[in-house]
Structures are given as C-alpha cells and as structure tokens.
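Starting from the given sequences, assemble the full structure and let the hints guide the process.
Heads up: the protein sequence lines correspond to chains A and Y, in order.
Take any residue in the first sequence, count from 1 to its spot, add 301: that is its number in the working numbering.
Take any residue in the second sequence, count from 1 to its spot, add 301: that is its number in the working numbering.
Simulated from the structure, these hints should not be mistaken for lab results.
Wrong hints could be hidden among the right ones.
A pair holds if it fits inside one copy or across any two, identical chains being indistinguishable in the list.
Mimicking DSBU-like on lysine-lysine, the simulated pairs with C-alpha atoms at most 35 angstroms apart in a straight line are [said to hold, decoys possible]:
(1) K366 with K320
(2) K358 with K412
(3) K351 with K366
(4) K320 with K358
(5) K366 with K493
(6) K412 with K493
(7) K412 with K489
(8) K351 with K412
(9) K366 with K412
(10) K493 with K351
(11) K351 with K320
(12) K489 with K351
Chain by chain, the residues:
Number of protein chains: 2
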Amino acid sequence: MSGEPLSLHQRILGDIGAKIVSGAWPPGHRIPFEHELTEQYGCSRMTVNKALTQLAKAGLIERRKRSGSFVARPRSQAAVLEIHDIRAEVEALGAPYRYERLSRTIRSAGKPVDEAAGFADATRLVDIVCLHFAGEAPFCLEERLISLDTVPEAEQEPFETIAPGPWLIGHVPWSAAEHTIRALAADKPTAKRLGVDAGTPCLAVERRTWTGGRPVTHVRLTYPGTSHALVARFTPEG
Amino acid sequence: MSGEPLSLHQRILGDIGAKIVSGAWPPGHRIPFEHELTEQYGCSRMTVNKALTQLAKAGLIERRKRSGSFVARPRSQAAVLEIHDIRAEVEALGAPYRYERLSRTIRSAGKPVDEAAGFADATRLVDIVCLHFAGEAPFCLEERLISLDTVPEAEQEPFETIAPGPWLIGHVPWSAAEHTIRALAADKPTAKRLGVDAGTPCLAVERRTWTGGRPVTHVRLTYPGTSHALVARFTPEG
DNA sequence: GCTGATGATATGTCTATACATAATTGCATT
DNA sequence: AATGCAATTATGTATAGACATATCATCAGC
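Put into structure tokens, the structure is as follows:
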C-alpha cells in the first residue's frame with residue numbers, strides 16, 4: 302500500500318499492537334521484557350521503551366514495575382468524536398450557509414437552567430438564540446449562554462453577523478469540554494423555529510466548555526429530524 | 302491540590318500547554334526552539350523533545366523542520382466518547398440487568414440493509430435481535446449482524462444467555478470501529494418491543510467493527526425516549 | 001531576473017549509560 | 001510461623017552525543 306519508511310519504534314509498536322488486536326496475545330499475557338525486545342530488535346532500551354510507553358498511553362498494555370508489561374483487558378470502547386464547525390458542516394453538504402440571530406439578552410444568572418448548565422457560580426450571562434440554515438431550511442437551532450465573568454468581551458459583541466461559536470473560538474481558547482448527546486421530541490417553540498411538527502425527534506448536542514476551571518459557555522444545538530448524524534471513529538493506534 | 306511530583310518533561314508539557322490554552326501564545330505563535338527550552342529548563346534535548354512530541358500528537362502544536370514548532374490553529378473540536386457495556390450501564394443506574402434474545406437466524410447476505418451495514422462482500426451472516434432490560438423496563442433494543450466469514454465460531458453460539466456484545470469482545474478483538482449516532486422516531490415494531498408509542502424519539506447508535514480490514518459486526522442500539530444520553534469529554538492533555 | 005548548488009539549521013531518531021523508584025523474592029531474625 | 005530487612009529486577013526518567021532528513025536562505029552562474 303503506502304510505502305513510508307517506518308521508524309524502528311513505530312515498527313515495534315505496530316508489531317506488538319498487531320499481536321494484541323489479532324488476539325495472539327490475549328488479555329493478561331505478559332509482553333517480553335524491555336531487555337528481551339532490545340535483543341530481539343537489536344536496538345537500545347530507549348527505543349523499545351518509547352514504543353511500550355505509547356502502547357500504555359493508548360490503553361493497550363498495562364505496565365507494572367518489577368513484574369513486566371501485560372496486555373490490558375478491553376475496557377469500555379472509546380471513540381474520537383469530532384464536532385465540526387456548523388458552517389463547515391453545512392458547506393460540506395454542498396448547501397449555502399446562512400446564520401440568523403433570533404435574540405440576544407444580557408441577564409443575571411439564577412434560572413434553574415443556569416445551574417444545570419454549570420453556571421451555578423456565574424453572576425452575569427449573555428443569552429443567545431440563533432439559527433443556522435442550510436439553503437432555505439433550518440439546519441440547527443442554537444441556544445447559548447456565555448459567562449460574562451469569564452468572557453467580559455462578549456458584552457460588546459452583538460452576534461448579528463458572526464455566530465457565537467466561531468467568535469468564542471477566536472477569543473477564548475477552552476481547556477476542557479463536555480458533550481452530551483440525546484434524542485428528544487421538539488417542543489412547540491423549537492418545532493416552530495426549526496420548521497417541523499411538534500414532537501419530531503431531534504438530535505440534541507449539549508456542549509459545556511471551561512478554561513482553567515472557569516465555565517465559558519453552555520450551548521445546546523438541536524438538529525431536526527433524522528437528517529443529522531454524528532460519526533465517531535476509533536482505531537487503537539490512531 | 303494533588304501534590305504528585307511531576308516529571309520534568311510533564312512540567313514542560315504543562316507549561317507550554319498552559320500558555321497555549323490560556324491564549325498567551327496565540328495560534329501561529331512560534332514556540333521556543335528545543336535548544337532554547339533546553340537552556341531554559343537546564344535539561345537535555347531529549348527531555349524537551351519528549352514534551353514537544355506529545356504536544357504535537359495531541360494536536361496543540363505543529364512541528365516543521367528547519368522552521369520550528371508553532372501553536373496549531375484550533376481545528377474541529379474532538380472529544381473522546383466512551384461507549385460502555387450495556388450491562389455496566391444498567392447496573393450503574395442501580396437497576397437489575399436482564400437480557401432476552403428475541404430471534405437468531407443464519408442467512409446469506411444480500412439484503413439492501415447488509416450493504417449499508419458494510420457487509421457487501423460478506424456471504425453468510427448471523428442476524429440477532431435482542432432486548433436489554435433495566436428492571437422491568439426495556440432499556441435498549443439491539444439488532445445485530447455478525448459476519449460468519451470473519452467469525453465462523455458465531456454459528457455455534459445460540460446467544461441465549463450471553464449477549465452478542467460481550468461474546469464478541471471475548472472472541473474477536475476488533476481493530477477499528479465506527480459509531481454513528483442519530484435521533485429517530487420509533488417505528489411500529491420497534492416501539493412495541495421497547496414498550497413505547499410509535500413515533501417516540503429514540504437515540505440510535507450504530508456501531509461497525511473491523512478486524513484487520515475485515516468486517517466483524519454491525520449493530521444498531523436503539524434507546525427509547527430521552528432517558529439515555531451519551532457523554533463525551535475532552536481535555537487537550539487527556 | 002531566474003535557476004540551481006551549497007550550507008545552515010531545527011527537528012527526527014537512535015545509542016549507551018546512569019540513577020531513581022516500586023515491587024517482589026528470599027533470607028534471617030525474632 | 002511471623003516479621004522485617006536486603007537483594008533483585010523491571011520500569012521511569014534523564015543525559016550527552018551522534019547521524020539522518022527536511023527545508024530555508026544565500027550566493028554563484030546562466
């Protein structure tokens with residue numbers, strides 16, 4: 302296939318990884334000691350160490366001092382979920398993208414929904430509702446809160462031409478994020494905004510972001526119907 | 302907080318990572334050369350190299366020969382999505398778990414759905430439908446295809462007491478997986494099996510797995526209503 | 001001005017060595 | 001038999017040096 306010259310530690314990593322995913326080395330099996338691999342590959346210990354360290358970080362093996370390294374038991378399946386920019390998503394579908402701000406208010410925190418959103422300690426918020434269109438059809442409803450304690454610059458931004466997502470990316474690098482994905486039935490106001498019947502199943506993605514332990518934003522993206530799907534891929538080595 | 306002694310390359314990684322996520326070093330900013338960091342931290346080049354290599358693998362920086370290392374532009378947001386064992390999920394909710402096989406047939410491939418599932422080249426399949434219960438209530442409907450070309454042992458397994466998921470984990474290590482998550486309305490047979498009204502929004506997770514390029518299984522897990530949510534977390538350093 | 005050779009430079013990889021750390025084994029003492 | 005100490009052993013981390021490789025800048029020649 303692709304004949305890129307592999308570095309030695311990559312080859313070692315691949316060899317051992319293949320033994321594990323093929324089942325030749327079952328969970329619990331002891332991997333050769335570093336000094337054995339050193340002999341086997343005719344290289345220094347640092348090189349095999351690099352490979353084994355990476356395998357350990359990938360969760361394929363478990364390392365124990367004095368005992369050796371062992372094939373890890375498969376735990377929960379993990380996948381990398383990529384959440385793209387909505388404009389890019391729409392344009393990838395070949396449809397023209399349009400953004401429309403429905404409302405923007407500044408208010409003090411205190412609603413029950415604020416606490417659920419992780420803004421229990423926040424004092425002032427920007428509360429934005431907006432729509433993303435693919436062509437003529439609503440593609441996604443965005444309901445967002447931004448903490449003015451963490452992002453005071455947001456008070457000056459009207460969000461009329463730029464969507465809050467891209468604006469935040471350019472202004473506040475986040476250090477942690479959490480996504481929650483669920484299916485729900487569109488309630489009346491949501492259905493009206495999305496141009497579907499009330500009760501239509503929607504995919505709701507909620508994202509909370511922090512920077513340095515402080516909450517930045519909470520957003521709920523509601524995609525109507527069955528048109529939208531999230532895809533996540535996983536391979537042990539990446 | 303927790304006073305674990307950090308290793309030197311971890312400290313370097315953390316220092317640089319903090320500069321990036323705090324915005325002090327914006328995208329495009331050139332990171333000090335390895336030999337500069339070597340001086341700054343009073344350590345060898347291998348140590349700073351280890352830190353920078355990890356930052357590059359995490360996607361925070363981009364390395365170019367002859368030019369140096371640069372803060373990467375934030376691309377799409379990525380999150381690690383953990384998909385747990387259904388039994389573990391149910392038991393984590395404090396409910397008793399029960400598994401029930403509804404049907405199991407062996408048939409040759411050829412239905413249009415088989416091709417969509419990635420079994421275009423498969424010849425014979427096991428087709429299983431089963432239900433996972435949390436207490437008395439249906440928790441999840443599982444519709445699964447297993448390729449007998451890749452997993453011939455599955456022909457002997459009735460899947461009456463053990464669910465296909467755990468059985469496969471124990472018999473076929475997978476090397477790649479893909480998840481697709483969407484919202485859909487329960488159709489009549491699905492609704493009946495899940496004990497909800499037809500049209501109820503459901504979260505559908507489809508998972509395809511391969512081992513060494515060969516398709517292993519395709520499964521569609523349908524979770525009724527808004528009870529179930531998937532959670533994904535992300536921090537740049539992990 | 002354009003092209004191509006040359007050298008400089010930063011990263012990529014690897015070696016040989018060293019000491020630290022954790023855990024297990026085995027011996028010796030109580 | 002139970003306890004405690006020491007030796008052994010495998011991994012964790014770090015060093016100083018080496019050569020390879022990709023790429024950019026410079027300068028000579030056309």
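Verification of the hints:
1. For the homomeric pair K366 and K320, the shortest alpha-carbon distances inside one copy (22 angstroms) and between copies (34 angstroms) are both at most 35 angstroms.
2. Taking the shortest Cα distances, K358 and K412 never come within 35 angstroms of each other, neither inside one copy (41 angstroms) nor across copies (41 angstroms).
3. Within a single copy, K351 and K366 get their C-alpha atoms as close as 16 angstroms, and across copies as close as 21 angstroms, so both meet the 35 angstroms cut-off.
4. When the C-alpha separation of K320 and K358 is checked against a cutoff of 35 angstroms, the pair qualifies both within a copy, at 17 angstroms, and between copies, at 24 angstroms.
5. When the C-alpha separation of K366 and K493 is checked against a cutoff of 35 angstroms, the pair qualifies neither within a copy, at 61 angstroms, nor between copies, at 54 angstroms.
6. Taking the shortest Cα distances, K412 and K493 sit within 35 angstroms of each other inside one copy (24 angstroms), while across copies they are farther apart (38 angstroms).
7. Only within a single protomer do K412 and K489 lie at most 35 angstroms apart by alpha-carbon distance; the minimum there is 21 angstroms, versus 39 angstroms between protomers.
8. For a Cα distance limit of 35 angstroms, the shortest separation of K351 from K412 qualifies neither inside one copy, at 51 angstroms, nor across copies, at 47 angstroms.
9. For the identical chains of this complex, K366 and K412 are neighbours neither inside a copy (52 angstroms) nor across copies (52 angstroms), given an alpha-carbon limit of 35 angstroms.
10. For the homomeric pair K493 and K351, neither the shortest alpha-carbon distance inside one copy (56 angstroms) nor that between copies (54 angstroms) is at most 35 angstroms.
11. With identical chains, the CA atoms of K351 and K320 are at most 35 angstroms apart both within one copy (18 angstroms) and between copies (26 angstroms).
12. Taking identical chains as interchangeable, the C-alpha atoms of K489 and K351 are never at most 35 angstroms apart, the minima being 56 angstroms within one chain and 54 angstroms between chains.
In summary, the numbered hints that this structure violates are 2, 5, 8, 9, 10 and 12.
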